[in-house]
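Fit chain Z to the given chain E structure using the hints.
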Amino acid sequence: MFEIIGERINGMFLDIREAIVNKDPKNVRNWAVKQAECGAYWLDINTGPVASKEEQVEIMAWLVKCAQEAVDLPCAIDTTNWAAMEAGLKVHKGKALINSATAEQAKMDVLFPMAAKYEAAIVALAMNEKGVPKSADDRCALAMELLANADGYGISPVDLYIDPLVLPVNVAQEHGPESLEALRQIKLLSNPSPKTTIGLSNISQKAPNRPLINRTYLAMAMCVGLDSAIMDAEDADLVDTAATASIIMNQTIYCDSYIKIFRQR
Amino acid sequence: MAVTIAKERWTSKVAEMVIGPNDLKLGGESTLSFLHFEGAMPNRPVTSLEVFDMEPEDWPDMLKEAFAGVMNDPVAWAKKVVEYGADAVTLRLMSAHPDWKGASADEVAKTAKAVADAINVPLIVVGCGVEEKDGEILPVVAEALAGKKTLIGCVTANNYKSITAACNGYGHNIIASSPLDINLCKQLNILINEMGLPLDRVGFDPSVAGLGYGIEYAYSIMERARVGALTGDKTLATPVVCFVGENTWKAKESVAPDVVEWGPLHDRAILWEVTTAITFANAGGTVFIMRHPESIKRFNAFIDEAYKSNAY
Numbered sequence: 001m002f003e004i005i006g007e008r009i010n011g012m013f014l015d016i017r018e019a020i021v022n023k024d025p026k027n028v029r030n031w032a033v034k035q036a037e038c039g040a041y042w043l044d045i046n047t048g049p050v051a052s053k054e055e056q057v058e059i060m061a062w063l064v065k066c067a068q069e070a071v072d073l074p075c076a077i078d079t080t081n082w083a084a085m086e087a088g089l090k091v092h093k094g095k096a097l098i099n100s101a102t103a104e105q106a107k108m109d110v111l112f113p114m115a116a117k118y119e120a121a122i123v124a125l126a127m128n129e130k131g132v133p134k135s136a137d138d139r140c141a142l143a144m145e146l147l148a149n150a151d152g153y154g155i156s157p158v159d160l161y162i163d164p165l166v167l168p169v170n171v172a173q174e175h176g177p178e179s180l181e182a183l184r185q186i187k188l189l190s191n192p193s194p195k196t197t198i199g200l201s202n203i204s205q206k207a208p209n210r211p212l213i214n215r216t217y218l219a220m221a222m223c224v225g226l227d228s229a230i231m232d233a234e235d236a237d238l239v240d241t242a243a244t245a246s247i248i249m250n251q252t253i254y255c256d257s258y259i260k261i262f263r264q265r
Numbered sequence: 266m267a268v269t270i271a272k273e274r275w276t277s278k279v280a281e282m283v284i285g286p287n288d289l290k291l292g293g294e295s296t297l298s299f300l301h302f303e304g305a306m307p308n309r310p311v312t313s314l315e316v317f318d319m320e321p322e323d324w325p326d327m328l329k330e331a332f333a334g335v336m337n338d339p340v341a342w343a344k345k346v347v348e349y350g351a352d353a354v355t356l357r358l359m360s361a362h363p364d365w366k367g368a369s370a371d372e373v374a375k376t377a378k379a380v381a382d383a384i385n386v387p388l389i390v391v392g393c394g395v396e397e398k399d400g401e402i403l404p405v406v407a408e409a410l411a412g413k414k415t416l417i418g419c420v421t422a423n424n425y426k427s428i429t430a431a432c433n434g435y436g437h438n439i440i441a442s443s444p445l446d447i448n449l450c451k452q453l454n455i456l457i458n459e460m461g462l463p464l465d466r467v468g469f470d471p472s473v474a475g476l477g478y479g480i481e482y483a484y485s486i487m488e489r490a491r492v493g494a495l496t497g498d499k500t501l502a503t504p505v506v507c508f509v510g511e512n513t514w515k516a517k518e519s520v521a522p523d524v525v526e527w528g529p530l531h532d533r534a535i536l537w538e539v540t541t542a543i544t545f546a547n548a549g550g551t552v553f554i555m556r557h558p559e560s561i562k563r564f565n566a567f568i569d570e571a572y573k574s575n576a577y
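Sequence lines, in order, name chains E and Z.
FYI, my numbering numbers position 79 of the first sequence as 79, with every residue one higher than the one before it.
FYI, my numbering numbers position 199 of the second sequence as 464, with every residue one higher than the one before it.
One chain only, chain E, in its complex shape (with noise of 0.2 Å):
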């Protein structure tokens, strides 16, 4: 089934700063809340850049909690500040999400131990320290790298979450295809699949009509294996299409409620 990531609760948005500025969890709780409502899967959690890098740490635990008392969801533990990461892992409760790692082995050599250790899944983008890779199959090539390095981890395919990268399609329009050929060719790299996730507010940065190029891309992603993105909850057509394509796709029964029974899970 297909996994809504929801984006809201993050310190770049001016509600939530106000709410860790604050203590107040109210904004926390309602965001939380309205995401769920909305058919959000996991809760993404960022901190985002309000505090130094030793306050993060408590923020993320906080917000975590916040999060969890208010909602029965897991969270994506959204941050580059290990520390905080493994704040927000440690307070969670069940199945969270580390988001995320990359193919840098620095960087696999820390985030794959923790996720095993919390028993977390966890995002993984395809690029290292060279940068975005430019074509579909430079992007398997560090994917493969990400699987192998998880498996050596003893972390399981189902929960390693391959992102291919996706770049504003006003800047950077010849990477559209490039990953939406990676997704499909990631789906094959291993029995069963590594999942596969996307940043997707990403495709529409400063294009007019962001909305319907969001909507767009997710159906053509969906098509070709994507399982999860990182998406606008609230944006109800944006929903309805990740409802329709996921019906569409056969990978949940049609009934004719679909729309409103894919929010409910």
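Some clues are possibly wrong.
[What the hints assert, rightly or not] List of simulated lysine-lysine pairs, DSSO-like, C-alpha gap at most 27 Å:
(1) 34/E / 515/Z
(2) 187/E / 366/Z
(3) 260/E / 272/Z
(4) 130/E / 53/E
(5) 93/E / 278/Z
(6) 499/Z / 93/E
(7) 187/E / 426/Z
(8) 272/Z / 117/E
(9) 260/E / 426/Z
(10) 366/Z / 515/Z
Read the hints as simulated data drawn from the structure, not as lab findings.
Frame of chain E, contents of chain Z only:
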């Protein structure tokens, strides 16, 4: 080199339903049928035999012989069913059918109450099959049986509202029936659930067919629903009720006495019912409503074997 056995990792399980005075549990599987090495099948499939609330004239002699002397008395018939070792009694309210006796809701409710009071196993109550009439009588039956935790059916997309409300209010469970169509089956479960009846109190009847009469369609639907259930589709994660007897005793293979190449009638008729039931047990069936006492014995013999752990 050691062989690694591939095991499917299911993420969800079938709801567990509790029925009757003895809190009989149904469903709860976390794997496909009898794959004990992959997951749990905590509750045995449940057997039941049918009791009609008035003597059925069109039953074959083999069935009439098995229930000789009790077929005009539903209470005595129900006790006989318990004596034969069925896990549950299924009372079919045929007298309400306009073509049979056209009995009123109060009349059939009285019979249902008398039967429920006379047995210590769960009662399954099935209407006469006419949607409109069942929509009238079953709510009254549900009220008369308040607190008995029975399984009441069959509701369809056309009459589920009144029956669901009554089942919810009086503590019963419901059988949702759809005509060999998984999409309608799922939709009906959703509609019933939206009226407030929890999904662990809904069982579905996919309208099974007997061996030789399209059994493969029902098998596929049941299996598809079960795979959906095990991969997280809660609206299909409900126990499955199989009306085996109703369908197999209509087959010519179960009644034709003198077909030499088919073998003796008695064995053939029982085998027809048992084989149909076993087929559905493998597809994910939960409740098996049959008609001949010998069939439940043979079915249970199969379940005894299939229930032995093959975990490793």
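Tested hints:
1. 34/E / 515/Z: Status violated; Cα separation ~54 Å.
2. 187/E / 366/Z: violated (62 Å)
3. 260/E / 272/Z: violated (33 Å)
4. 130/E / 53/E: holds (25 Å)
5. 93/E / 278/Z: This hinted pair holds, its Cα atoms lying about 21 Å apart.
6. 499/Z / 93/E: holds (22 Å)
7. 187/E / 426/Z: Not OK: residue 187/E and residue 426/Z at ~44 Å, beyond 27 Å, violated.
8. 272/Z / 117/E: Distance ~23 Å between residue 272/Z and residue 117/E Cα, so the pair holds.
9. 260/E / 426/Z: holds (20 Å)
10. 366/Z / 515/Z: Between residue 366/Z and residue 515/Z the Cα gap is close to 22 Å, so the pair holds against 27 Å.
Hint check: violations occur at hints 1, 2, 3 and 7; the rest are consistent with the structure.
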